[in-house]
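Enquirer: Sequence order for the protein chains is A and B.
Its first residue numbered 358, the first sequence is counted upward by one per residue in our numbering.
Its first residue numbered 358, the second sequence is counted upward by one per residue in our numbering.
Just so you know, the hints here were simulated from the structure itself, not pulled from any lab data.
There's no promise every hint is true.
For each label pair, taking beta carbons as the anchor points, the in silico distance ranges come out as [said to hold, decoys possible]:
no., chain 1, residue 1, chain 2, residue 2, range
1, A, Ala-551, B, Ile-361, 34 to 44 Å
2, A, Glu-383, B, Val-384, 39 to 49 Å
3, B, Gln-380, A, Glu-479, 28 to 38 Å
4, B, Ala-385, A, Asp-501, 24 to 34 Å
Quick caveat, the model's predicted, so the values are computed rather than measured.
Beta carbons are placed, not taken as given, at the ideal position from N, Cα and C, and that holds for glycine.
Number of protein chains: 2
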Amino acid sequence: MSEISEEEAARHREKMKKRKAVQDAEVAARTIEKGLLVVNTGPGKGKTTAAFGLMLRALGHGWKVGVVQFIKGHWATGERTAFERFSDLVEWHTMGEGFTWETQDKARDVAAAARAWERAVELMGRKDIRLIVLDELNIALRYDYLPLAEVVETLKARRPDLHVVVTGRNAKPELIAAADLVTEMIPVKHHFDAGVKAQAGIEF
Amino acid sequence: MSEISEEEAARHREKMKKRKAVQDAEVAARTIEKGLLVVNTGPGKGKTTAAFGLMLRALGHGWKVGVVQFIKGHWATGERTAFERFSDLVEWHTMGEGFTWETQDKARDVAAAARAWERAVELMGRKDIRLIVLDELNIALRYDYLPLAEVVETLKARRPDLHVVVTGRNAKPELIAAADLVTEMIPVKHHFDAGVKAQAGIEF
Numbered sequence: 358m359s360e361i362s363e364e365e366a367a368r369h370r371e372k373m374k375k376r377k378a379v380q381d382a383e384v385a386a387r388t389i390e391k392g393l394l395v396v397n398t399g400p401g402k403g404k405t406t407a408a409f410g411l412m413l414r415a416l417g418h419g420w421k422v423g424v425v426q427f428i429k430g431h432w433a434t435g436e437r438t439a440f441e442r443f444s445d446l447v448e449w450h451t452m453g454e455g456f457t458w459e460t461q462d463k464a465r466d467v468a469a470a471a472r473a474w475e476r477a478v479e480l481m482g483r484k485d486i487r488l489i490v491l492d493e494l495n496i497a498l499r500y501d502y503l504p505l506a507e508v509v510e511t512l513k514a515r516r517p518d519l520h521v522v523v524t525g526r527n528a529k530p531e532l533i534a535a536a537d538l539v540t541e542m543i544p545v546k547h548h549f550d551a552g553v554k555a556q557a558g559i560e561f
Numbered sequence: 358m359s360e361i362s363e364e365e366a367a368r369h370r371e372k373m374k375k376r377k378a379v380q381d382a383e384v385a386a387r388t389i390e391k392g393l394l395v396v397n398t399g400p401g402k403g404k405t406t407a408a409f410g411l412m413l414r415a416l417g418h419g420w421k422v423g424v425v426q427f428i429k430g431h432w433a434t435g436e437r438t439a440f441e442r443f444s445d446l447v448e449w450h451t452m453g454e455g456f457t458w459e460t461q462d463k464a465r466d467v468a469a470a471a472r473a474w475e476r477a478v479e480l481m482g483r484k485d486i487r488l489i490v491l492d493e494l495n496i497a498l499r500y501d502y503l504p505l506a507e508v509v510e511t512l513k514a515r516r517p518d519l520h521v522v523v524t525g526r527n528a529k530p531e532l533i534a535a536a537d538l539v540t541e542m543i544p545v546k547h548h549f550d551a552g553v554k555a556q557a558g559i560e561f
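Just chain A, same shape as in the assembly (with noise of 0.2 Å):
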């Protein structure tokens, strides 16, 4: 890179500095502390991995973090194993049995969601565990699986610091309402649409 003249790093400075007020008047601003309700929806990729990246964030303040899986059943393997390093702060369950044109048998899929959301509410219940993953949930609630309303209600009456993070496609339009935090992943490029296939490390 090439030098940086004394006009230029002043007016840098200066713009910096301006920044800089804007930032903290706006951070100043904020002042509530809550337990929050996110959602990663999208058809993009980094919706539960970036659930997961927000536990291992939670993890390293100690929290203990609950996690239930609704759907992917089998694979998923990566993150499993390397969470079981923190298997004195993470409770996991796997719930579901795969994705559903896998069971290909729908009392089953229903029946495997309804076990999921129990345990759901279970951890919800434990004064201990700060933050709370729903992986897939979104997916269990587009196909009908779980009673929508009994859901976004008892997400709402979650107790006031407990932040719950809900994964999946085609989240609903009254849980993005009940929701604090939404981010939709968009893909960009795709290097499955280049031939590439699913890797170890990457996809699971």
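Let chain A serve as the given structure and place chain B on it in line with the hints.
Expert: Chain B only, in chain A's frame:
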């Protein structure tokens, strides 16, 4: 949930059988294995957390992983602490000195970015490392703290089985062109807008 009739169960089975056939054909058509250049960009949350989630997946497979943080210096303590449990597998380099509006010193920022990039190039040369996260590299590129063409060429010339994840807003078109997988994180709803402040375990 109400009882499922035999007819509905059969219809569901047929539909899912067809979906599975489509899915299996798609999977079979993807035959290429290669190290991916992954870019997480966009104004929403989840760019860095998704990269850390992916790291975790890789770590679960016993891979060695490298991280270079280009911008964040002091905070982001949660994930850093959590990854200490993987000190046998993770090499973590925090090279940035905080956001640019914190330092207010362009020459210092440029020097920090150059040092971080040097470290990234070193890690790319390490045969034992299979995944590298270049956190907030996009910010350094956006502010022209690093030579874009050289960075993109070096990333393209990485060894064929090395995965690299680049995060940060405003990814340069040249980087997107070189990438295999690009996701844009779009904010749908943000708790900061409702006056909720940055909280431990969530933002840092």
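Enquirer: Now tell me if each hint is right for this structure.
Expert: These are the hints, each one checked on the structure:
About 40 Å separates the C-beta atoms of Ala-551/A and Ile-361/B, a value consistent with the hinted range of 34 to 44 Å. Separated by about 46 Å at the C-beta atoms, Glu-383/A and Val-384/B satisfy the suggested range of 39 to 49 Å. One distance hint, 28 to 38 Å for the beta-carbon pair Gln-380/B and Glu-479/A, holds here, with the actual separation near 33 Å. A hinted range of 24 to 34 Å holds for the C-beta pair Ala-385/B and Asp-501/A, which are about 31 Å apart.
Violated hints for the displayed structure: none, as all numbered hints are satisfied.
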